[in-house]
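Chemist: Sequence:
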Amino acid sequence: MLRKFFFFLGALFSLTQVEGKITVDLSHPTLLIIDTDADIDDMMAILYLLKSPRVEVKAITTVGIGMTHWEYGAKNISNLLELAGYSRIPVALGARKSLSPAGNVPSDWRTEADDVGGIKLPNNPVHPVRMRASEYMADLIKKSPVKMTLLCIGPMTNVATALNENPEIKDNIERIYIMGGAILAPGNIVGRPQGFRNQVAEYNIFLDAKAASDVFNSEVPITLVPLDATEHVPITKEFYKRLSKQRKTPSANFVYEVIKPYATLQKRATSYFWDPLAAVIMTHPEIATYRDLKLTVNLKKGPEYGRLMMTKMGPNIQVATGIDAKAFYDLFLDTLNRPTNLKQNHNESK
Numbered sequence: 006m007l008r009k010f011f012f013f014l015g016a017l018f019s020l021t022q023v024e025g026k027i028t029v030d031l032s033h034p035t036l037l038i039i040d041t042d043a044d045i046d047d048m049m050a051i052l053y054l055l056k057s058p059r060v061e062v063k064a065i066t067t068v069g070i071g072m073t074h075w076e077y078g079a080k081n082i083s084n085l086l087e088l089a090g091y092s093r094i095p096v097a098l099g100a101r102k103s104l105s106p107a108g109n110v111p112s113d114w115r116t117e118a119d120d121v122g123g124i125k126l127p128n129n130p131v132h133p134v135r136m137r138a139s140e141y142m143a144d145l146i147k148k149s150p151v152k153m154t155l156l157c158i159g160p161m162t163n164v165a166t167a168l169n170e171n172p173e174i175k176d177n178i179e180r181i182y183i184m185g186g187a188i189l190a191p192g193n194i195v196g197r198p199q200g201f202r203n204q205v206a207e208y209n210i211f212l213d214a215k216a217a218s219d220v221f222n223s224e225v226p227i228t229l230v231p232l233d234a235t236e237h238v239p240i241t242k243e244f245y246k247r248l249s250k251q252r253k254t255p256s257a258n259f260v261y262e263v264i265k266p267y268a269t270l271q272k273r274a275t276s277y278f279w280d281p282l283a284a285v286i287m288t289h290p291e292i293a294t295y296r297d298l299k300l301t302v303n304l305k306k307g308p309e310y311g312r313l314m315m316t317k318m319g320p321n322i323q324v325a326t327g328i329d330a331k332a333f334y335d336l337f338l339d340t341l342n343r344p345t346n347l348k349q350n351h352n353e354s355k
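Under the working numbering, think of the first position of the sequence shown as 6, with each following residue one higher.
These are computed hints drawn from the structure, not numbers from a lab. What you are looking at is a predicted structure, and each value in this text was computed from that prediction instead of being measured. Just so you know, even glycine gets a beta-carbon here, dropped at the ideal spot from N, CA and C. Among these hints, one or two may not hold up.
Calculated pairs, DSS-like style, for lysine-lysine (alpha carbon to alpha carbon, straight line, at most 30 Å) [to be verified]:
(1) Lys148 to Lys125
(2) Lys331 to Lys250
(3) Lys102 to Lys331
(4) Lys102 to Lys147
Derived Cβ-Cβ restraints for the label pairs, each shown as a range [unchecked claim]:
(5) Asp297 to Phe201: 28 to 36 Å
(6) Glu224 to Val151: 18 to 26 Å
(7) Asp297 to Gly123: 22 to 30 Å
(8) Asn128 to Met314: 16 to 24 Å
(9) Glu224 to Gly307: 26 to 34 Å
(10) Asp297 to Glu173: 23 to 31 Å
(11) Glu76 to Ser149: 23 to 31 Å
(12) Gly196 to Glu76: 19 to 27 Å
(13) Asn321 to Lys246: 36 to 44 Å
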């Protein structure tokens with residue numbers, strides 16, 4: 006017990022003190038697949054990435070076990086692409102069921118996400134691709150002439166399924182970026198979805214802990230952006246006021262509208278730029294400091310189900326710890342206001 010205590014203290018100290026680096030090859034844009042549960046913060050992250058000159062979004066896959074219901078998520082993302090001017094980027098529908106069902110997020114949260122917070126999006130007439138998300142993802146990775154990058158901003162059912170069914174694709178994946186989990190920060194599970202009060206897990210991991218464990222153990226390089234990091238970037242009234250004066254594009258205006266209830270305190274709880282932080286870290290890793298940690302996912306049913314545990318034998322995960330919040334806010338706002346990214350727009354058909 007004493008040895009475990011000192012190991013925990015060492016991890017606690019190093020989590021906040023040790024700096025690591027990720028390099029981004031600027032000679033060509035990162036080829037990216039975004040896997041999402043289509044929540045509102047996911048949409049903000051997607052809009053940022055569509056505008057970033059460092060990224061070429063090849064496809065967006067949706068998972069139906071997170072914040073939105075299966076039938077709403079893909080359509081909302083498709084309509085978001087229409088809003089932003091990228092209606093031809095492929096959208097693929099993914100899993101309806103978790104590999105390890107553990108309940109759902111509160112129903113009122115899902116209803117709000119299904120409805121995009123009451124914001125009306127333009128209709129995109131382009132239909133989703135016919136292949137299921139995990140198959141489409143694997144097919145893109147296999148055929149890509151260069152390694153692809155994945156951004157996971159929802160439960161990882163699609164990604165785990167793609168890797169489990171096509172283990173060879175791991176060799177053509179540059180890195181997987183994940184927004185999920187909590188290391189030392191409190192979890193965000195509401196209620197008692199398994200009959201227990203869970204104060205240590207985070208929803209993207211909790212809703213499919215088996216999938217998260219499979220991805221962690223896939224031997225693909227992983228950068229994790231946990232709740233510990235996102236706590237540095239709350240949605241603030243100051244940012245909202247700044248955005249109100251600097252919204253020059255439909256993308257920036259959408260973000261202005263969706264954060265209004267949080268920035269103006271219509272919502273009681275503090276909200277954060279969870280998924281946008283993961284997106285900005287992916288394009289500008291210098292805004293964060295990192296710590297390599299060996300992490301496993303607790304798969305034992307009970308009050309700590311889905312918890313990320315620091316161990317000596319687990320897979321090595323690069324974890325974002327410290328965040329330059331000012332750099333995040335500046336990059337997020339400036340990129341949203343960029344003109345249409347022509348590298349992305351090559352998929353557009355007249």
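Chemist: Against which earlier hints does the structure fall short, listed by number upward?
Modeler: Failing hints, ascending: 1, 3, 7, 8.
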